[in-house]
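Start from the sequences and build out the full structure, keeping to the hints where you can.
2 protein chains.
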Amino acid sequence: MKVVIAGSGAMGCSFGFMLQKSGNDVTLLDGWQNNIDAIRKDGLHLQDGTAELSTKIDIYKPEEFKDSADFVIVFTKSMQLENMLSSIKHVLRDDTKILCLLNGLGHTETLKKFIEPKNIFMGVTVVTAGMKGPGSAVLSSHGKTEIQNIVPEGKAGAELIVETLNKATMPAVYSDNILWSIWRKAALNGAMNSTCTIMECNMLELGSIAGCKDMMRCIISEFAAIARTQGVTLDVDSVTDYVYGFTQPDFVGAKHYPSMHQDLIKNHRLTEIDFLNGYISRKGKELHIPTPYCDLITTFVHGKEKLFGL
Amino acid sequence: MKVVIAGSGAMGCSFGFMLQKSGNDVTLLDGWQNNIDAIRKDGLHLQDGTAELSTKIDIYKPEEFKDSADFVIVFTKSMQLENMLSSIKHVLRDDTKILCLLNGLGHTETLKKFIEPKNIFMGVTVVTAGMKGPGSAVLSSHGKTEIQNIVPEGKAGAELIVETLNKATMPAVYSDNILWSIWRKAALNGAMNSTCTIMECNMLELGSIAGCKDMMRCIISEFAAIARTQGVTLDVDSVTDYVYGFTQPDFVGAKHYPSMHQDLIKNHRLTEIDFLNGYISRKGKELHIPTPYCDLITTFVHGKEKLFGL
Numbered sequence: 001m002k003v004v005i006a007g008s009g010a011m012g013c014s015f016g017f018m019l020q021k022s023g024n025d026v027t028l029l030d031g032w033q034n035n036i037d038a039i040r041k042d043g044l045h046l047q048d049g050t051a052e053l054s055t056k057i058d059i060y061k062p063e064e065f066k067d068s069a070d071f072v073i074v075f076t077k078s079m080q081l082e083n084m085l086s087s088i089k090h091v092l093r094d095d096t097k098i099l100c101l102l103n104g105l106g107h108t109e110t111l112k113k114f115i116e117p118k119n120i121f122m123g124v125t126v127v128t129a130g131m132k133g134p135g136s137a138v139l140s141s142h143g144k145t146e147i148q149n150i151v152p153e154g155k156a157g158a159e160l161i162v163e164t165l166n167k168a169t170m171p172a173v174y175s176d177n178i179l180w181s182i183w184r185k186a187a188l189n190g191a192m193n194s195t196c197t198i199m200e201c202n203m204l205e206l207g208s209i210a211g212c213k214d215m216m217r218c219i220i221s222e223f224a225a226i227a228r229t230q231g232v233t234l235d236v237d238s239v240t241d242y243v244y245g246f247t248q249p250d251f252v253g254a255k256h257y258p259s260m261h262q263d264l265i266k267n268h269r270l271t272e273i274d275f276l277n278g279y280i281s282r283k284g285k286e287l288h289i290p291t292p293y294c295d296l297i298t299t300f301v302h303g304k305e306k307l308f309g310l
Numbered sequence: 001m002k003v004v005i006a007g008s009g010a011m012g013c014s015f016g017f018m019l020q021k022s023g024n025d026v027t028l029l030d031g032w033q034n035n036i037d038a039i040r041k042d043g044l045h046l047q048d049g050t051a052e053l054s055t056k057i058d059i060y061k062p063e064e065f066k067d068s069a070d071f072v073i074v075f076t077k078s079m080q081l082e083n084m085l086s087s088i089k090h091v092l093r094d095d096t097k098i099l100c101l102l103n104g105l106g107h108t109e110t111l112k113k114f115i116e117p118k119n120i121f122m123g124v125t126v127v128t129a130g131m132k133g134p135g136s137a138v139l140s141s142h143g144k145t146e147i148q149n150i151v152p153e154g155k156a157g158a159e160l161i162v163e164t165l166n167k168a169t170m171p172a173v174y175s176d177n178i179l180w181s182i183w184r185k186a187a188l189n190g191a192m193n194s195t196c197t198i199m200e201c202n203m204l205e206l207g208s209i210a211g212c213k214d215m216m217r218c219i220i221s222e223f224a225a226i227a228r229t230q231g232v233t234l235d236v237d238s239v240t241d242y243v244y245g246f247t248q249p250d251f252v253g254a255k256h257y258p259s260m261h262q263d264l265i266k267n268h269r270l271t272e273i274d275f276l277n278g279y280i281s282r283k284g285k286e287l288h289i290p291t292p293y294c295d296l297i298t299t300f301v302h303g304k305e306k307l308f309g310l
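As they're listed, the protein sequences go chains B and G.
Counting from 1, position 8 in the first sequence corresponds to residue 8 in full-length UniProt numbering; the numbering is continuous, with no gaps.
Counting from 1, position 171 in the second sequence corresponds to residue 171 in full-length UniProt numbering; the numbering is continuous, with no gaps.
Calculated directly from the structure, the hints in this document are not laboratory data.
Treat the hints with caution; some may be incorrect.
Copies of the same chain look alike in the list, so a pair counts if it fits in one copy or across any two.
Claimed, not checked - Think about it this way: if two alpha-carbon atoms lie no more than 20 Å apart in a straight line, the pair counts; the simulated SDA-like pairs of lysine to any residue are:
(1) K21 - E200
(2) K285 - D214
(3) K66 - M1
(4) K306 - S208
(5) K283 - A210
Quick look at the structure:
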């Protein structure tokens, strides 16, 4: 299969590497010139568990790549998705399938501006990966990826994608309620990552704060209220228990700083807040549903971005 | 007049010094041993504008002082008021007047546990003062103090206090709506100081954040909703304009860090949040009035206190 990875940071490099290794014809697209130069010169390096792998692989700037693709996986930052889709219009044929595993909300709406719904596939992954530097990624866990078509006629396509990923040793399953999974993950990020970013603390520290669980419940209630308008039912109590669990001492990763904290506090980069609490806040205003917690959290996170000079 | 200053930090030392200078018999009470030792050994030093003044003045721990007083001014931190009143019960006669100039809400309720309403006088001051160290205060501005009785029969007492302060070159006026002034100042502190503390920024920086004024309006609306239950009318728009004004470049003090920021972020001390947004949040729960902004702000500020190990 002719695969294009649109956005070749840690996740894109990891999926791209494994898909090429399992026999697909993979092209990476990226905007980071140092990454492009390094991969063209020395190939793509991947630390996969204890194994140090490397491969030659094609990489281009999106606008420089002239071919089309059978299958595209988008792995940009949320705020770059629309620009990336604009830049790769020529890559997308009438039957090109596109898989979006990005965190956050609102991506389906963006994808629909460029692609027929039957070719759009949404997913949630717990794969974790990082970059050592240009051309060098670390695939820290082959976590599970759930995938689903967004309209009924896409089901066969989703099953093909699941099969393709499994062959590439990236475990995938067909989900019959991917929207629920996407919303639950967004609620997790919106209740935990944003607040850890504002408080500049890790998950365990967040959980130690008086009133943490009540605060999470209020935030998650707002996610649930907007989810309901899209036909998704989030049970507030059980999602709150789920999210709060990540902040407790018996969760092994609780001393971890969530990705939004790493983006903003550690690396002074813009956050994806507009696709989490910011999305809830925006939809709340449109639909006249009060979302004060998400409104205030969005103001604080954008405020911190501004104070960091972003 | 036999005056007792209950709490002899910067404000207590400044008022105490000026009251003694104008002929009153002043005793300072304080819990800070170094301050007591320094004042007993070398007297109280006060930098008043460009003048360097000093005086002998009595100072005791509250429980060690055995006399009674005609007039007490409380100048503790908000959270120490109740303990201080407990410790000075023996100082309070049936006709001892007590003046409270503390920032924040809920102090009248605390005072009423110990003192007849006719002897309670509430005020708002814009005097600013700081400590150089034990026994040495700086009175940076003789700002105006507004004072009022809380029941009609206290009016003559309020007028006497106003006269006493004016004689001491601490400009004072009788207010006919001190509750409004107290609430407006609390709304200022709750909309600006708490948010500067969470964002770790100064007032000008706060004002530069997108959505700052909307955020302030939402916070001030919650203060107004609780104020209304106590017979006080805060006009949300005009108070919002007033508060927002402190964050604008044409306000000379805009690069100042508010006192709560200095307490927590600079000096790692507990804040007075429970007497500002925390009071609104508590009253909201009691009265079934939603106060989500104040709830979340209170959680964040207490969370930061906890993360600083307080």
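Evaluated hints:
In this assembly of identical chains, K21 and E200 lie within 20 Å of each other by CA distance neither inside one copy nor across copies; the values are 39 Å within and 48 Å between. For a Cα distance limit of 20 Å, the shortest separation of K285 from D214 across copies, 13 Å, qualifies, whereas the shortest one inside one copy, 23 Å, does not. Taking identical chains as interchangeable, the C-alpha atoms of K66 and M1 lie at most 20 Å apart only when both belong to the same chain, with a minimum of 17 Å there against 91 Å between chains. Taking the shortest Cα distances, K306 and S208 sit within 20 Å of each other only across copies (8 Å), while inside one copy they are farther apart (28 Å).
In this homomeric assembly, K283 and A210 come within 20 Å of each other (Cα to Cα) only across copies, at 18 Å, whereas the closest approach inside a single copy is 29 Å.
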